[in-house]
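Undergrad: Take the given structure of chain A and dock chain B to it, following the hints.
In order, the protein sequences belong to chains A and B.
Letter by letter, the first sequence follows residues 10 to 426 in my numbering.
Letter by letter, the second sequence follows residues 30 to 291 in my numbering.
Heads up, some of the hints might be wrong.
Claimed, not checked - Okay, derived cross-link-like pairs now, DSBU-like style, lysine-lysine, Cα gap no bigger than 30 Å in a straight line: (1) A:Lys352 to B:Lys73; (2) A:Lys79 to A:Lys159; (3) B:Lys73 to A:Lys387.
These are computed hints drawn from the structure, not numbers from a lab.
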Amino acid sequence: MKNNFHHILTKTVTFLVFIGLSEFNFGSTIIIDAKEKIKSISEGIFLAKSYDTLIIKRGIYKEGNIKIDKPLTIKGIDNPILDGDSQFEILTISSEEVHISGLTFHNAGVNYLKENAAVRFENVNSGSVAHSTFINNFFGIYLAKANNIKVINNFIRANGSKEASSGNGIHMWNCRDIEVSNNYIQGHRDGIYLEFVKQAKINNNHGENNLRYGLHFMFSDSCTYISNNFISNSAGVAVMYSHNVVMTQNRFADNWGAAAYGLLLKDITNSQITKNQFIRNTSGIYIEGCNRSRFENNLFEKNGWAIKLMANSFDNLFTSNSFIASSFDVATNSRQNFNTFSKNFWSMYEGYDLDKDGFGDVPYRPVKLFSLMIEQNKPTLVLLNSLFIKLLNIAESVFPVLTPETLLDAFPLMRET
Amino acid sequence: MKLISKLIKFELQNSIRSKWIIVYSLIFFVLTFLLFSFETDSAKASLTLTNLILIVIPLVSIIFGVMFVYNSIEYVQLVLCQPIDRKSLFIGLYLGNTFPLIFGFVLSIILGTLFSGILLSSLKPILITLLIGIFLTLIFTAISFWIGFRIIDKAKGLGTAIILWFSFAVLYDGILLLIIYSFREYPIENFALAACLINPIDLARVFFILDFNIAALMGYTGAVFNKFFGSSLGIIVSFSMLVVWFIIPFLFGMRRFLKKDF
Chain A
10 MKNNFHHILT
20 KTVTFLVFIG
30 LSEFNFGSTI
40 IIDAKEKIKS
50 ISEGIFLAKS
60 YDTLIIKRGI
70 YKEGNIKIDK
80 PLTIKGIDNP
90 ILDGDSQFEI
100 LTISSEEVHI
110 SGLTFHNAGV
120 NYLKENAAVR
130 FENVNSGSVA
140 HSTFINNFFG
150 IYLAKANNIK
160 VINNFIRANG
170 SKEASSGNGI
180 HMWNCRDIEV
190 SNNYIQGHRD
200 GIYLEFVKQA
210 KINNNHGENN
220 LRYGLHFMFS
230 DSCTYISNNF
240 ISNSAGVAVM
250 YSHNVVMTQN
260 RFADNWGAAA
270 YGLLLKDITN
280 SQITKNQFIR
290 NTSGIYIEGC
300 NRSRFENNLF
310 EKNGWAIKLM
320 ANSFDNLFTS
330 NSFIASSFDV
340 ATNSRQNFNT
350 FSKNFWSMYE
360 GYDLDKDGFG
370 DVPYRPVKLF
380 SLMIEQNKPT
390 LVLLNSLFIK
400 LLNIAESVFP
410 VLTPETLLDA
420 FPLMRET
Chain B
30 MKLISKLIKF
40 ELQNSIRSKW
50 IIVYSLIFFV
60 LTFLLFSFET
70 DSAKASLTLT
80 NLILIVIPLV
90 SIIFGVMFVY
100 NSIEYVQLVL
110 CQPIDRKSLF
120 IGLYLGNTFP
130 LIFGFVLSII
140 LGTLFSGILL
150 SSLKPILITL
160 LIGIFLTLIF
170 TAISFWIGFR
180 IIDKAKGLGT
190 AIILWFSFAV
200 LYDGILLLII
210 YSFREYPIEN
220 FALAACLINP
230 IDLARVFFIL
240 DFNIAALMGY
250 TGAVFNKFFG
260 SSLGIIVSFS
270 MLVVWFIIPF
280 LFGMRRFLKK
290 DF
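One chain only, chain B, in its complex shape:
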């Protein structure tokens, strides 16, 4: 535990020095501030913000994570010369990378909304946006660690990360659309819903939609969506899927790290 906190502290100092994180936070701060000051309806502003977050956070987290792993390989080798627990080292590295990202993101969103003078009454959509951002950072950093410790070649690893992001963000929805269209004569609602829960970005999107006014729009499509989106069932299922999506890549990455021959 002591080792983990030490590592986190070290990584925090490291990332502040690199100024990466400051630029990242500043972008979110400016975006939030502008959106919430120019848009009178805070729900709509947080919809736009969430749309951006759904694209930007996975991309930044996955690339930042992979780069981080490759940059710290030598450092890891050095540390592993000491008699220390590999598990703690992995957790320390992971949290050391995600904490600055999450801190920067949360702080900039909160400051951005505060500076634009949004009332506390419209807090709920902002909180959901924050939650989505945090989960996406956790999930995609975990994925990037898995990639980083699995693929030795830097270029290959970075390429995989970008391709993975692209498939989650764009390609997956395209294929899903194709499938829904090909099987439109069949009752495909259940499948469409399940397919959305499998992709973390779609999952985050659905999670936000659930709490936005659009939820009621779903009633239009019939009983299956209505039941899912119109009740707490949807929130519970999608939230637990987000947790699962964080745990699985994290464990895979850790297993890889424990067995890896540096």
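Looking at chain A on its own, in the form it has when it is part of the complex:
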């Protein structure tokens, strides 16, 4: 009898606790497994209440487009695959607080009108995608009018062959306060794409072998880009029409080709490009229409041109950079110069430092006559390294007639910083 009473008591308490939990919306857990009762994700979402957790077990789920319109946490266990069958968008999220992790997305279909993505957040103010894998999707992660989203630790790869028929790895349009970190993006059109985005933090990402740009942004002010790697993208990295951009400790490497740039800056103002590495690019940085920006402590190594500075750029400061073993240090298209080069290290500097203050006593002129010639007449490039060209360069640097007279580093460093 006593035993029986005990049993009833525990049951009641459990029941009360359960009721209490659901009242306070702590959420319950729904397990989706092809072998169990709830077989599809759509069914799981239909059954779930707000703030529930959906656990998706191993399996391939081909359910067309899945819409998520309530706050849910969705976790994958043993890499469940969500397949878009090459025609659908996979997850469309229109609710706050949707957190996704551990899923694998395959084959979101190509659709130029709807821009299908593996995961789309639209009109939401919070959410996250983490630890997920994206293979062969049109767009990987698509954020439209979304704020406070975190995109962390994802692996995104596509096998696009044509620029026109592939989408971006991580696409952001009209967003605020986005964090994109530790993602690996390969084979998309643009690795990371931002348009009308404010205050995004793009950290520790790796963009490689994308069909166009590793990173591409426009009209995106006050964003920071820290410790990213952009390697072997077919056109490098291009950023345009933005203010207050901070780019630090990034690595831009191996972007070779006629229209490939380590970093292309167009109409960028009040920005800081510091401590980056530009290695083995056709052009390290191409600067057009940029004003009041600082280029500090960057390393330029083995580039064709370390810097191409167009004459419509004003009041930029280049200081404490190291220019090592480039074929050309700086190229420009005018005799006018409105920018300042000071206290950089130039490996091609041939001056001396008699007063031992660490700065060369003779100013260094980074714009060579030959680089000006190539700008005007490209076939002259066959004469690279020729003795005649060297003599011309020396003559020009003694009496600058054609190269910009004021573009010089009056305090070239004697040692690399």
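TA: Just chain B now, kept in the frame of chain A:
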């Protein structure tokens, strides 16, 4: 064959005694050693070294060769009194002159890099530099033999040699630049490339550029250069042109020597 090896042996002893070759080798040794020990990036060091080689080797080879020919005219006359084959004598003299130059150069570069402790991983640019040096020595010695046996007057011959070197090393590029500039409205890439292959010094320069990182820089200028510099086609064409540049002056010089009335 026996005669050729005998002549080479004799010339080797002769040139070691003259100490010319030792100074020449020593300069290369010191240069290589300094460049590779002060420059951490061996590719860049070999670029600088190659730039120097492109100027120094043709100059030294051509002057050394012409002087050698004029100094050994009497000796040749003496030897030709004996019933020996003129062809063998010419080959013997040629190899006897080039071998010490090549030995000295190769040995000093190898020792210089070894002493500066360059790792074997960066061997490729050094090998290319060596190859370029060897070919330039062969080519310019052949040219100098042609000059030496063609022009009897010593001063005239030496002057021709220096002018020839100057035109190959400097003047040619100047004229080429002028032409490229005058015809810049036309698609002149093919011509510019061909013109570079005609001059042995430019050819050696292009051959080195091909294998250096700068090769990719060429992609900037468009399809023609990209195709040439970006594939093995460039290496094959420029290498065979180097061989042609060695064979033609050598044969001309030999023809001259065979017919010459001493």
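Undergrad: With reference to the structure, classify each hint as holding or not holding.
TA: Evaluation of the provided hints:
Between Lys352 of chain A and Lys73 of chain B the CA atoms are separated by roughly 23 Å; this keeps the pair inside 30 Å, and the hint holds. As the CA atoms of Lys79 of chain A and Lys159 of chain A are separated by approximately 18 Å, the hinted pair is consistent with the 30 Å bound. For the hint pairing Lys73 of chain B with Lys387 of chain A, the CA-to-CA distance comes to about 24 Å; that is within 30 Å, so the pair holds.
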